[in-house]
Amino acid sequence: MATTEITPGKAYGFFTDTSVCIGCKACEVACKEWNQLPEDEDEIGFLGKSLDNTGELNGSNWRHVQFIDNVPDETLSEGDGSAFLLMSDVCKHCKHASCLEVCPTGAIIRTEFDTVYIQEETCNGCRNCIAACPYDVIDINPGKNVAQKCTLCYDRLQGGLQPACAKVCPTESIQFGPLDELRAKAKKREADLHAQGLKQANLYGHDDKVYGGLNAFFLLMDKPEAYKLPNAASAVLPSRNNIGGYLGGAVTAVLGLLGTVIALRERRRHGGEPSEPAEDAQA
Amino acid sequence: MTAFADVQHFAGDPEWTWYILFYFFLAGLAGGAYFLATLLRHWGTPADEPLARLGMYVAFPATLICPLLLTIDLTKPLRFWHMLVNTTPGGFGLNFKIWSPMSVGVWALLVVSLFTIVSFLDALARDGKLRAPLAGVVAVGGTKAWNVVGSVFWLFIASYTGVLLAVSNQPVWSDTWALGGLFLASGLSGAAALLLLLSRYRRGAEASHPVLEVAERLFTALEVLLLAVFVITLIPDGTLDDAFGMPWLLLWLVALAGLLPGLRGLAVGRLSVTGGGAVAAARVSASAMAPALVLLGVLALRAAVIFSVQG
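Chains as they are written, first to last, in the numbering used here: chain B, 5 to 287; chain E, 87 to 397.
Take the hints with a grain of salt, since some may be wrong.
Stated by the list, open to error - Computed, partial: chain E to chain B, Cβ under 7 Å:
{"#": "1", "residue": "Trp129"}
{"#": "2", "residue": "Trp185"}
{"#": "3", "residue": "Met188"}
{"#": "4", "residue": "Phe305"}
{"#": "5", "residue": "Ala374"}
Everything labelled a hint here was simulated from the structure, so no lab data went into it.
All residues carry an ideal CB built from backbone N, CA and C; glycine is no exception.
I would like the entire structure built from these sequences, with the hints used as guidance.
Here's what the structure looks like:
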């Protein structure tokens, strides 16, 4: 891969082409090594889920290669094209980021590289971002006890280095670069695959239909939901419920007030209103 | 939301469990108690003053316990103040994000604590437990303006807990706008029940029983209405099973049982305590069972909402 000049103020991201991912997990290893992420308590184990023993993205796994086993146990016919769906999953660094929207401490910021970053010294572990992230990316890092996720190797970018995962990916499934360049590459790749008859190839997050555009976007070989990615209709921000929620509360408060006023009036109407305060109630 | 097509939820579980459950429970009860105390004091009769003071006493512990529960729920409790102060390098200042209910709620809790502590001290002074000059200083805590503003903040606290859940991408929580209202209605009925329960230990407070009993029935009716809205709003997004599947259905049954005293009261007595018209405080049922059941239902409702999504 050609060296990328990294300039603050410019938007960078990942283009992950799942059609060439071979599931080697080099990205997971590189991410863990560079970011000094602890192993999960249950990491050394057998999940019994396909070839995946990482399981999920969380506070100590910022890259996760999904092995989606949609191959029939017995091949229907030779060369029918069925294969595992493989995808190296990561934080999407959404333009309209749900986590950033709800974070009450200001720990989640957008960096000078247009990426979404959690400041570990500021986060107090309220976990509001975990409830909000639609991709199940963020979790509490068991070593640091704060919410963590992929930083898009913020420290490496500041030093002019590309992220570790992209650097080690042997098939260039993970490509790093300026967002506009990556989008152009992705469009061309999608067109090439369509021309080869792979009509199922589709881009996810390259445009503004999903959270205003994802800085880490994907070329998928199935529908987004097969990879646990919400489709465009389901990709909605938490703040959509602010107005409705508060309005519901306000209407209930008014009705509650009305209920109490009715209760007071009914007591008066039925002649049950005491007029004298008890002796110990004198103000 | 999409119309009658299952919404796809892949969000992770925030592990908001017991501390948050009891925060929601106490916030609802304290909010309702302060609100009822305010209305009884300023729009009731002088005979309602004992119960008004009781309401202020009930609200006070929440100002200590609620922040404590929220703090120990953090994975970095010593950084609780980061909710209020921005510690981002170069960005020092106060944190207030109007679109983040957690941020707004923390500030509201801070403000309401001030109102409640002063009202609590004023209640103590009225009961002769505080002397001048402090009694004079805290007298503002019993004024109409102070209590009304305090009530508005408490109603917000009792309600925003539901909005906090809704402003997420969790199944059930984010599929409805009814949680804020539902938690408030439930908090109000729970507060009426709690005051009824505690009033037996406060001389003169029985004079307010008729108001509390009728109010509790009306709050229950409001809660039933909002429960129906809650269910209806989950249907288009296909998350009814998440909310009402086993074992959470058992919690919902307890929550529904908590509605029975209020519904029974509505059916039998409608808006009159005696059913015959005249209200006599002495004839008010002294049973603790009904208020206790209501309170259990208030807790179960919140537990069902919180745990069913994170189970």
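Hints versus structure:
Taking 7 Å as the C-beta contact cut-off toward chain B, the hint placing Trp129 (chain E) at the interface holds, the least distance being around 6 Å. Among the interface hints, the one on Trp185 (chain E) holds; its C-beta lies about 5 Å from the nearest C-beta in chain B, closer than the 7 Å criterion. With a cut of 7 Å, the hint placing Met188 (chain E) at the interface with chain B holds, because the nearest CB-to-CB distance is about 4 Å. The interface hint given for Phe305 (chain E) holds, since its Cβ lies 6 Å from the closest Cβ of chain B, which is under the 7 Å cut-off.
Because the closest C-beta pair between Ala374 (chain E) and chain B is about 21 Å apart, greater than 7 Å, the hint is violated.
Hint 5 alone, counting from the list given before, is not met by this structure.
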